[in-house]
Amino acid sequence: MRVTVRLFAAHREAAGTSTYVADLPDGATVSDAYAHVCASFPKIAHRAGSTAFALNRTHVSGDAPLNESDEVAILPPVAGG
Amino acid sequence: MRVTVRLFAAHREAAGTSTYVADLPDGATVSDAYAHVCASFPKIAHRAGSTAFALNRTHVSGDAPLNESDEVAILPPVAGG
Amino acid sequence: MTQHFVLTSQPLDERAVAALLDRDGAGAVVTFVGHVRAHSRGRDVTKLEYEAYPEMVEGVFKQIADEIHARGGVIDVAIHHRVGTLEVGEVSVVVAVSAAHRSPAFDACRYAIDRLKQIAPIWKKEHSPDGAVWVEDRP
Amino acid sequence: MTQHFVLTSQPLDERAVAALLDRDGAGAVVTFVGHVRAHSRGRDVTKLEYEAYPEMVEGVFKQIADEIHARGGVIDVAIHHRVGTLEVGEVSVVVAVSAAHRSPAFDACRYAIDRLKQIAPIWKKEHSPDGAVWVEDRP
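Residue numbers (our numbering), protein chains in the order written: chain E, 1 to 81; chain X, 1 to 81; chain B, 1 to 139; chain S, 1 to 139.
Mixed in with the good hints, there may be bad ones.
What the hints assert, rightly or not - Under the rule of at most 27 Å between Cα atoms (straight-line distance), these lysine-lysine pairs were calculated in the DSSO-like manner:
#1 K125/B to K62/B
#2 K117/S to K62/S
#3 K43/E to K62/S
#4 K125/S to K47/S
#5 K125/B to K47/B
#6 K47/B to K117/B
#7 K47/B to K43/X
#8 K117/S to K47/S
#9 K43/E to K47/S
#10 K43/X to K62/B
#11 K125/S to K62/S
#12 K117/B to K62/B
Hints are computed from structural coordinates only; laboratory data are not their basis.
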């Protein structure tokens, strides 16, 4: 299935893009999408503890299952305010 | 000695004046001025626990001694804000 | 309004009060604005009358700011209070605090309004359809 | 600005944000304004760059307001955040809360900014004479 991946801040800069489409096997989870990101853009360091995720614009944990056309966001540590 | 007494809110209304001059014996304290107020204006109920005082525009306790020309303020419970 | 500690019969402008603050190094500005409520302690309020000991009030506001500065962490404090007759919805008090960080700014703003209600020589007469009473011992 | 939850590249106006609040019955309005500081964690800051996940931010602000309403005591909450490049002294965020009484207004305003810093999908790049870094794990 194909999902849209959104990248931000240091991830976006490391990848050189803010959006890309990942092709993942059926049954893939949000964590699998993140692993795909890190494999596709080696400059992005995989940091399990400090990275959060959103699925279709709602916070989720890494084990959330993906469906065709989902939007997955990889959220590095936030710093709003 | 003569001191100026300032009255506020319910006290001012009960006395019908916001300022008056009290003639007190030498050695009188702020509490004595308050007793003089209550004696002079019977509509003002003496309430030791809930009345505060200022002497020359600074908070003081009732035992503060008075001097000629001092300004004593009788402060009923405040309600600013 | 160019003073930090003001008692006035004129309407208060919260932004003008906050604008007085020294913000050099300030990451946080917290502002408290008190409004006249239409209901108070089970009664309908038609208007409020604020009376003060004007010659003393600004010194007390300054004392409150000094207490805050003694606790540390704050850059600047401004306190403005209205006197006279206020309609429902009008602003009775504005407290503004600047600080490098948000936690001392919140703490100081709250301390200032709590302390003002404890010690500022200001009184309030609540007018309602049942009559008017001087408010005492307000929490 | 007519919305309660806004992400914008335009300068923020704290009074306009507070003016959005429903104040019916409000005795207290507490406003938090965040400014860009000239110094941060030992570095000189020349400017900040805020980046957000715009399609998600307003929902998160709404979620924060919902959490506040679930705790009770609050009338209304507005949260506005800036994105793009900000100079020192500019306003990055405004949180305004109205409540009948001051204690829940302070608590809710503080909760909102604390929570925003925890969960809002917003990132900040600090530019200094030494270079630019994305800020992480800011308290």
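Keeping to a limit of 27 Å between CA atoms, is the pair of K43/X and K62/B held or broken?
-> violated (34 Å)
Has the given pair, K117/B with K62/B, been kept, meaning a C-alpha gap of at most 27 Å?
-> With Cα atoms ~14 Å apart, K117/B and K62/B stay inside 27 Å; holds.
Holds or violated: are the alpha carbons of K125/B and K62/B at most 27 Å from each other?
-> Given that 27 Å is the threshold and the Cα spacing comes to 25 Å, the pair holds.
Is the Cα-Cα distance between K43/E and K47/S 27 Å or less?
-> With a Cα-Cα distance of about 26 Å, the restraint between K43/E and K47/S holds, given a limit of 27 Å.
Between K47/B and K117/B, is the straight-line Cα distance small enough, at 27 Å or below?
-> This hinted pair holds, its Cα atoms lying about 19 Å apart.
Below or equal to 27 Å on CA atoms is what counts here, so check K117/S against K47/S.
-> holds (19 Å)
K125/S paired with K47/S [C-alpha distance capped at 27 Å] | Judged against 27 Å, a Cα distance of about 9 Å means the pair holds.
Would you mind confirming whether the straight-line C-alpha gap from K43/E to K62/S stays at or under 27 Å?
-> Not satisfied, since the Cα-Cα distance of roughly 34 Å exceeds 27 Å.
Given the proposed pairing of K125/S with K62/S, does the C-alpha separation stay at or below 27 Å?
-> holds (25 Å)
Regarding the pair K117/S and K62/S, is the alpha-carbon distance no greater than 27 Å?
-> holds (14 Å)
Compare the distance between the alpha carbons of K125/B and K47/B with 27 Å, and conclude whether the hinted pair is satisfied.
-> The given pair, whose Cα atoms are some 9 Å apart, holds under the 27 Å limit.
Hint consistency between K47/B and K43/X [alpha-carbon to alpha-carbon, up to 27 Å] | holds (26 Å)
In summary, the numbered hints that this structure violates are 3, 10.
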